[in-house]
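Student: Taking the hints into account, I'd like the entire structure generated from these sequences.
Here is what each chain is made of, one letter per residue.
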Amino acid sequence: MASHTLGADPASEPALRAPARSLWNDAWRRFRRHPLALGGLAVLGLLAVAVLIGPLLLGGDPDAIDFGAKDAGPSLAHPMGTDELGRDQLVRVLVGGRLTLSVASAAVIVSIVVGVLVGALAGYAGGFVDNALMRLVDVFYSLPGLFVVILLVTLLGAGFWTIVIAIAVFSWMNTARLVRASYLSLKEKEYVEAARTIGAGDVRIALRHILPNALTPVIVSATLGIATAILIESALSFLGLGFQPPQATWGGMLNQSQDAVINEGHWWRGFFPGAMIFVTVLAVNYVGDGLRDALDPRRVER
Amino acid sequence: MGSYVIRRSLQAIPLLIGISVVLFLMLQMTPGGPLASSEAGGGRATAERTERLREEFGLDDPLPVQYVNWAGGMVRGDWGTSYNTGRPVIDTIVDRLPTTLLLTGLAFVVALAIALPVGIFAATRQYSTFDYVSSGLSFVGVATPSFWFGLMLLFLFSFELGWLPSSGLEDLREQHLGLAAVWDRVSHLIMPVAVLALIATAQLTRYVRDSMLEVLHQDYVRTARGSGLPERSVVVRHAFRNAAIPMVTIAVLMIPELFLGAVITESIFAIPGMGRLFIESAELRDYPVLLGILTIAALLVVLANLVADVLYGLIDPRISYG
Amino acid sequence: MSAPLLEVSELAVGFDTDEGPVQAVNQISFTLAEGEALAIVGESGSGKSVTALSIMGLVPRPPGRIDGGSIRFRGSELLGASERELRRVRGRYVAMIYQDPMTSLNPALTVGRQITEIVRHHLDLSSRQAADRAAELLSLVGIPNATGRLGDHPHQFSGGQRQRILIAMALSCDPAVLIADEPTTALDVTVQAQIIELVKDLRERLGMAIIWITHDLGVVAGMVDKVAVMYSGYAVEQAPVGELFAQPSHPYTVGLLRSLPTFGGERRRLTPIPGAPPDPARGVDACPFAPRCDWVIDRCHEEFPDLTAVAPAHGAACHRRDEVRDAPAVVDAAR
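Protein chains in written order, with our numbering: chain A, -6 to 295; chain B, 11 to 332; chain C, 4 to 338.
Hints are computed from structural coordinates only; laboratory data are not their basis.
Built from N, CA and C at the ideal position, the CB exists for glycine as well.
Hints may contain errors.
Residues on chain A that point at chain B, a partial pick, calculated with CB under 8 angstroms [what the hints assert, rightly or not]:
(1) Phe24
(2) Val132
(3) Ser135
(4) Leu136
(5) Gly138
(6) Phe140
(7) Gln251
(8) Gly267
(9) Phe271
(10) Val274
(11) Asn278
Tutor: Now the structure itself:
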């Protein structure tokens, strides 16, 4: 459309404005512009620290029974109140977070690994393999996710890895599709042709040229996947099917608090564990949103 | 058009077969196979009884045979008998299905009723306070665990204020008449529907807004405005008409999700629906019932996809099905 | 002659971008009389499209802002008028056709509907009358089997046909001004010629005034009465069309003329204009064309050249305008 002619007179060519920058620097700069995403990152950082060393700092014991302080609402001594055994809820919540967060992280990692493998295989191999794998993806998409997760956990027992795998089994498909799509579109791109002409082998092409670009949507998807994993694990625990006491997770605490909240009005028993889930998921979502904007390959920096 | 529907339905069959195989296999995966749990048959399993049950349910046959038997039965309408109650699976399911469908349907309607006007309005008033607030609320809504929301609602409206009942579908203690009966049913449904609809509404609002925004920036909307047409025509006849095409698909695909989400809602509010049945059956290892419910859920997903596809073709004039 | 049909004075339009405010249009002024045809010529980024959109009030705000000036249509001020008032003018007295016919029509509505809704809204026709008018318009723009095709959707037409439909829509209420924003840029060369012929023909028949926006100076010769050349948001030369071709008075115009291929006449090398258009985000305290100019002197980097007359009705924004004007002719004016 433009009718100017670049390169007709190299001497009068305006100097390129910006020096070449790496993709990641660009992305970080853009990410920094989203206050909510930065806030989310800060919250998550705080959370991770609190969950890991908070109980130690507070010197509390999640199982310490103290009938004298039972069923108390939030106070200075017990900022999140106590339960019917007088256990401090704050410490229990922090300790419970460890399990929830580690399950969610593990589940996301597993689902990403599986997704990348399947997607890359399908994208690069093409043909029958691609077709077959995509049919498999379709089948998994059609499976009633929550039901099957419940089923697996009930039948196989509520262990750490069972739950992780159960959640991962329902999250890998999205990654697979994204990775495959990236492979398909990038396979044809010019720089792959260029790489081929200088003799780069197939595997090398796959790893050095295609994968980094394919990873971008995957990173965003993974981040948001953490939020989903947290919600699923909490839901499972809430239904009484996840980790069993004394292993506590936020969902489990919510489950055990039902009676206290509904029939005795001890709202703090349900409010705080749930709020933790809420805040964590919200923070992760903000970060994921910020990442999506920051990593969007369509946004060209001038 | 009709031939397209038939073709797509036929395409769905291999999918259904694939799903059923996967489901069937999953159930076989449990350590010791079905009936390993001593709770089967009412907890009175002895070696003899187990043996008899094994014969009766054909559990000693090779897997493929079992699969074919089961699948064949399903197609013929024989969905097996519950290990637990001995009643036909279909009866058990039919008992509970309408409740869940009611819940799901109501939640869907609520979600649409809120998401459409809010999303469209926010898109037409981009950058306004309304837009920021509604977008913020949607974002927050998606992050809210439904069970937490439900629990807090219960605390507020049931315990604290006493306005709404805390469980079940109707008052089991008294028999209400007339308007009171109506309020009785309605009041039992308000919170469960609200909880179930929460996430769907938030997601749908975001989607409606994004879809409308994208369409509002299209060239043909500019053409319509440039022709001096009133803003309402532009928004409804030009923008929305086009935005609705993908929206319909998303909305229809939400129905199976709502169906699944009902599991949690039914749990909190002690509603006798399919979700509760599923959990109970899972704990009791009642495989026929489990398979039955899973099949229904899978059928629902496949059906929703089909309907979404067909609707898309109906609304988008660029697509014609020879 | 009474007051001009359209009068644009000192129009300035800016945009707020991520990198800061950008001035897209800087103090453009021109007039358009009844039935007169004006061409606005410039590269992409010169501000020509924004000028056209501003007349219609279609510049999205935010991020756009009107920084100053006035646009008067038949004496009424359009800038700052309410949406309701603008809607009365748009489509009815001032109509526009756009660059990309593939995306400018609503894919979900029939072509007939898109035309009838305009005439029904502005002219209050009954559905019967509107349908007749729509068929009439489609024939007018050269769509065969007009009545039969009213029920078709845009995707059933080719690019050239879609542009004709857009023209039909624009002319549906017999507007006084037709603004054509690069209507042929997205079309094949042969189709381009057809559309240009169509517009010329329609102008003869219907007598509306035209603002024809293009980057291709070659198109305007047989089409318009006068030309405004834009560069980097400024009007750098304005003249009647014959004058412009015969005695261009701005180096940029000269450059444009030199880069036109011509048929017949002596063979000469096509000379592109070196360099690239400036980044509108950069403010200028000097002539914006200086970096690419063959005629540049020191003064060009220090002082901004205003648009000044070199001849009656002919203005150029160059410090050396008279010298440029007197240089030997570049192109045979009769093209």
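Student: Give a verdict on every hint.
Tutor: Cross-check of the supplied hints:
Restraint check, Phe24 of chain A versus chain B: the minimum CB separation of about 17 angstroms is more than 8 angstroms; hint violated. Restraint check, Val132 of chain A versus chain B: the minimum CB separation of about 4 angstroms is within 8 angstroms; hint holds. Because the smallest distance between the Cβ of Ser135 of chain A and any Cβ of chain B comes to about 5 angstroms, under 8 angstroms, the interface hint for this residue holds. At about 6 angstroms, the closest approach between the beta carbon of Leu136 of chain A and any beta carbon in chain B falls short of 8 angstroms, and the interface hint on this residue holds.
Interface restraint check: Gly138 of chain A against chain B, minimum CB-CB distance 6 angstroms, threshold 8 angstroms, status holds. Interface restraint check for Phe140 of chain A: the shortest CB-CB distance to chain B comes to about 6 angstroms, inside 8 angstroms, so the restraint holds. A cut of 8 angstroms between beta carbons decides the hint on Gln251 of chain A: the least distance to chain B is about 7 angstroms, and the hint holds. Annotation: Gly267 of chain A was flagged as interfacial toward chain B, and the flag holds, the nearest CB pair being 3 angstroms apart, inside 8 angstroms.
Given the 8 angstroms rule on beta carbons, the hint for Phe271 of chain A holds: about 6 angstroms separates it from the nearest Cβ of chain B. A least Cβ separation of about 4 angstroms between Val274 of chain A and chain B falls short of the 8 angstroms threshold, and the interface hint therefore holds. With a least beta-carbon distance of about 5 angstroms to chain B, the hint placing Asn278 of chain A at the interface is held under the 8 angstroms criterion.
The structure is inconsistent with hint 1 alone, although it conforms to all the rest.
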